[in-house]
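Could you fit the two chains together into a complex? Lean on the hints.
Taken in sequence, the protein lines are chains A and B. Per the working numbering: the first sequence = residues 1 to 276. Per the working numbering: the second sequence = residues 1 to 362.
Among the clues, some could well be false.
[To be verified] In silico negatives: residues of chain A with every beta carbon more than 10 angstroms from chain B:
{"id": "1", "residue": "L8"}
{"id": "2", "residue": "C12"}
{"id": "3", "residue": "Q45"}
{"id": "4", "residue": "G69"}
{"id": "5", "residue": "Y75"}
{"id": "6", "residue": "Y80"}
{"id": "7", "residue": "Q87"}
{"id": "8", "residue": "V135"}
{"id": "9", "residue": "P154"}
{"id": "10", "residue": "V214"}
{"id": "11", "residue": "L250"}
{"id": "12", "residue": "L258"}
[Said to hold, decoys possible] Sample of chain A residues facing chain B (criterion: CB under 10 angstroms; computed from the structure):
{"id": "13", "residue": "R170"}
{"id": "14", "residue": "T174"}
{"id": "15", "residue": "Q176"}
{"id": "16", "residue": "P182"}
{"id": "17", "residue": "L193"}
Read the hints as simulated data drawn from the structure, not as lab findings. Computed from a predicted model, the values in this text were never measured in an experiment. Note that CB positions come from ideal geometry on N, CA and C, so glycine has one too.
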Amino acid sequence: MKQKTAWLIFPCLAYLLVMYVLPTAIMFMAPFEAGIAPGLTSFGQALQEPSYQRVMGTTFEISLVVTIGCILLGYPTAYYLSRMETQRARIYLMLVTFPLWTSLLVRTYAWIALLQDAGIINSFLMQSGLTEQPVKLLYNQVSVAIGMVQILLPYAIITMYAVMVGIRSRLVQTAQILGASPSRAFLHIFVPLSLPGLSAAALLVFIMGLGFFVTPALLGGRRETMIGTLIQQQVVLMGDWNSAAILSALLLVATIVLLGVYSRFAKLSNLVSVRG
Amino acid sequence: MAKLSLTNIWKTYGGAQAVRGVSLEVESGEFVSFLGPSGSGKTTTLSMVAGFISPTGGNIRIDGRDITNVPPHQRNIGMVFQDYSLFPHMNVAQNVAFPLAMRSVDKADSARRVSDVMEIVGLHGMGQRLPIELSGGQQQRVAIARAIVYQPQILLMDEPLGALDRLLRERLQLEIKQIQKRLGITTLYVTHDQGEALTMSDRVCVFNDGEIAQVGSPVSLYERPESRFIAGFVGESNFLSATVEDCVRCGDGWQCLLVLECSAKAKVLASQPFSAGTQLTASIRPEHIRLCSVDCAEDANTVFVTAKVNDVVYRGETSTLRGQLESGAEISARATVTDVARFTGETVRLRWPTDKIVLLNK
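This is chain B alone, in the form it adopts within the complex (with noise of 0.2 angstroms):
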């Protein structure tokens, strides 16, 4: 268990900025996601706090010592890569017990440590295997084992889970997140997957072009973006243009009256004021949409467009609408109704709370 701090960290590679500043603080036995598209820097930041890469400007911190020069194997650090990486010359026991082995632990406390170690990740009695005998899933518990028996202050995942299939993959995740509270290890965990950061994750750094672009617990990423590019990443979004009327003084905040593109008009409320005239982008959610078929009473809480239905894409529990505003922009609702594919070709009215609206700059 222990802190990280990375202040300022930056990697250029010749002329061309991989990482770009990236400042944060993650506290004693949280689990921190790093997300992003790739080449978001993601994975290069996570290879200089694991010491692969030294960084060109700025320091990393364990529990407040300076580990930015400091040689992988002194780091006191675990990992966990997504292709296992496991020494194929060894079988599953000799794997677990190799960081043990490297710290000269003697050998009856090692096997009683490798062996608890086989039992949190249930693989207890397959120690004599090899790797090569195992399933993907069962390498990657043999990884996981081997990164946290010597019980490092960190635990890095690069990941680990992008080669397994969807089911298994979220078998895992559980496993790993209950893993990782039960010891309370401080961990980082790189992932392109969303869904993958937002169930695991206390919070999640997402990354953009070698940045931060916002870091939040889930709930907050997804649901106060900072930005249009977090908006359309984390999760979905539909994005209209609004033109800001008018705003006044409401409670802690102020409540601005905006033109849609759509010219429907909605009250919002904002953390500040803006002047008349300036120009945002309203985000809704698909999920917020709803086709308006039988109740569309009028509702000064509630935005109402009018949509021609281009396509419905039907995904089991729900059905994605797209649809076109007169505007010619493009808008997708989620109905929970089945029978929605009749509407393809037609122009219905779709309606969403306005304080379901969350306001970006352009």
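If we strip away everything but chain A, and leave its shape as in the complex, we get (with noise of 0.2 angstroms):
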């Protein structure tokens, strides 16, 4: 790069290394300087620990079902929005982003006033006669994956509008025109092409969603304590600052591993847009 403008960068490089860099390096050395123990076992004990091993267990799975709900709820409305003209996409896309204008906790704070007991849903729901009972919708997984799929979905569907705009209609058309029918043309040619927006959305999500903790804080019981949540209750709670800096560098690990699995089979750069 022989960019002139090259240092235009630099104030945020700077900024990124004092912010960041620095003090996640500092946290790296925490279990050493405290004398505990030597930084390996203590990731060691950090993953035989049952009660850390259930924690785990749990951020993983309900990120996979966040991501699995973003993935189908954004693929279809992504196909919709890479199909029309750009002028109204454009409107669409900033109703699609309209969301994360508004803070996270009030959008939390919203969904336990509709999904709790005395809440609009189950206020229906008995009304209308359907149940009996209010249907335990609040402080369970499902609620957790309802709110963590909200905050994540216009992540999801951008990443993956900015591939499939790339897909031009013409090769569909091509594909019909020479024996497809408009399904399979979807599926042999459309599919295919969109899947480094598909992979990178999901990572995306996936990775976004291992870190969340004021969601499942709010909307989760006990048994949908994250592993983020975690590190805030060891912080906050219990001043345990050597546990939260192991349990904080182990999802900093899961995260490069999980971006080095994706880079050996697609190019990092789907994760940001750039489309080349």
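And the structure:
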């Protein structure tokens, strides 16, 4: 890179170095400093402790469910948006990103209002006579998944849209004149070409899902404790910075491993919607 | 091999009429090109044959079977696009085999047919390459192979050479024509390049403003244009206004005495009699107009005019003189001698044989 404007990114780089890279490094060092145990056995301890294992299992499980939910809801939407004219798609995309303008906390509390026993959904169900007792919608995996899908869906849609919009309709048309029915043309041409977008969206949602803590903390019960929530509890409630640091490091490592696996199969640039 | 008939095809978008009453019969094995300026309806008509757009009115038949409302995948038509439209996630062999796979042709048969057409388009042994690894010309060959591998009844080509450079374009013109002849496949070829249409086609169908302006063999279009539009669009033409003085019977047709706007007189054969005083347009190709520097003997079968040469454009084997008649009309003539640049700014005598004049209605 021989651009004369390269210095323009220095302030941002410096900021990230001081505010992100440095603290992360310190965090990794923390267990050593405290002299409790060397880092590796600390990681080992975290991995062997059954309660931590359960939390990690839950974290992966919820992230997976949320990822599947976001893809199932997001793929058709992104497809629809990618086939409309750009001017209109722009308006629709703004509507898609609209929830991102609202605080995550507000949206999470809104779900409580909707899902609780005396909430809007249960009132409707009982008044219409569909159920006698309120259906348990809150403080379980369902409510956590619903809340997280709602927050992560725009990211999934936008990531998939960015790839899909680059797939020319002409290709699908060509497949049809060559003898493919509309559904086969979609399956043989559009779907394979959209896979980079789909995998990027899935990875993005999954990784973001792993680190969630407010939504599972507010919408989930004890069984829905995710690793993010656990870290926050370690720091705020227990003051156990070592465990928090180890768990954070584990989360970071898991993320990096996922990115590494992904980069073996697809271009990482798909993640940031760069079309090449 | 199949016969294609278009009967009174209309296409309107809202109030706009994109195609207005197009009728055309394409014989089995015939190569017909659609020529016309952009927006003249040629691509829209082709898309209706492909089934991508449905006509507002009229019907399309292949060998008598009405396909107007048949979806594209059931039409058994092959198509080649300007942008090649190869599937980027499939290699060349997979691309070419795609239509066979959609027709459930078994693997061995498919492999044999793919290899055959790859041979025909001169890409033998390139099956494992990806489309992006090929040049534009090679990509278009793959697209052609893919469009003929399943022996479709009709082959449609939408400006297939538009994205290629001139030399490659000329080579592929010949190759496409050879392949088409060898397979005897009925072909519709859209182009806005009149040279391409004239060299490749059995018949050229010129579109203008959503309608067919004229259909005919390249020779008939060039030598017997029926309208000012055709005379000006297919090749170059000079247009001079002409007034009929008198017409007399002459063999099968009529011989009319005209007064051209440069006050020259000419006896021209016409297929119909015109009454005296009728205003017509006399059209003359630049290559028929000669500079008479030496031999300027008066002759009843030659028209002579004087023109002031405004500029001379050198084009290699010929030069084009652009001049102005005394009446103010622009005229361009083609000279085969190379040192005509010296005439720039001078007044010269030009001549052309009267039998090269084509009479057009105003």
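How the hints compare with the structure:
1. Distance check on L8(A): its Cβ is at least 33 angstroms (rounded) from any Cβ of chain B, clearing the 10 angstroms threshold; non-interface status holds.
2. For C12(A), the shortest C-beta to C-beta distance to chain B comes to about 34 angstroms, beyond the 10 angstroms cut-off, and the non-interface label holds.
3. With a minimum CB-CB distance of about 46 angstroms to chain B, Q45(A) clears the 10 angstroms threshold, and the non-interface call stands.
4. Every CB of chain B lies more than 10 angstroms from the CB of G69(A), the least distance being 27 angstroms, so the non-interface label holds.
5. The beta carbon of Y75(A) sits about 18 angstroms from the closest Cβ of chain B, which is more than 10 angstroms, so the claim that it is off the interface holds.
6. Interface exclusion of Y80(A) from chain B stands, the closest Cβ pair being 20 angstroms apart, more than 10 angstroms.
7. Its beta-carbon lying about 18 angstroms from the closest one in chain B, Q87(A) satisfies the requirement of being farther than 10 angstroms from that chain.
8. With a least beta-carbon separation of about 45 angstroms from chain B, V135(A) lies farther than 10 angstroms from that chain, consistent with its non-interface assignment.
9. With 10 angstroms as the threshold on Cβ separation, the claim that P154(A) sits away from chain B holds: the shortest Cβ distance comes to roughly 27 angstroms.
10. Its beta-carbon lying about 40 angstroms from the closest one in chain B, V214(A) satisfies the requirement of being farther than 10 angstroms from that chain.
11. Every C-beta of chain B lies more than 10 angstroms from that of L250(A), the closest at about 37 angstroms, which supports listing it as non-interface.
12. No Cβ of chain B approaches the Cβ of L258(A) within 10 angstroms, the least distance being about 24 angstroms, so the stated non-interface status holds.
13. Given the 10 angstroms rule on beta carbons, the hint for R170(A) holds: about 5 angstroms separates it from the nearest Cβ of chain B.
14. About 4 angstroms separates the beta-carbon of T174(A) from the nearest beta-carbon of chain B, less than 10 angstroms, and the hint is met.
15. For Q176(A), the shortest C-beta to C-beta distance to chain B is roughly 4 angstroms, which falls under 10 angstroms, so the interface hint holds.
16. Because the closest C-beta pair between P182(A) and chain B is about 8 angstroms apart, less than 10 angstroms, the hint holds.
17. With its C-beta approaching chain B no nearer than about 6 angstroms, L193(A) sits inside the 10 angstroms limit, and its interface hint holds.
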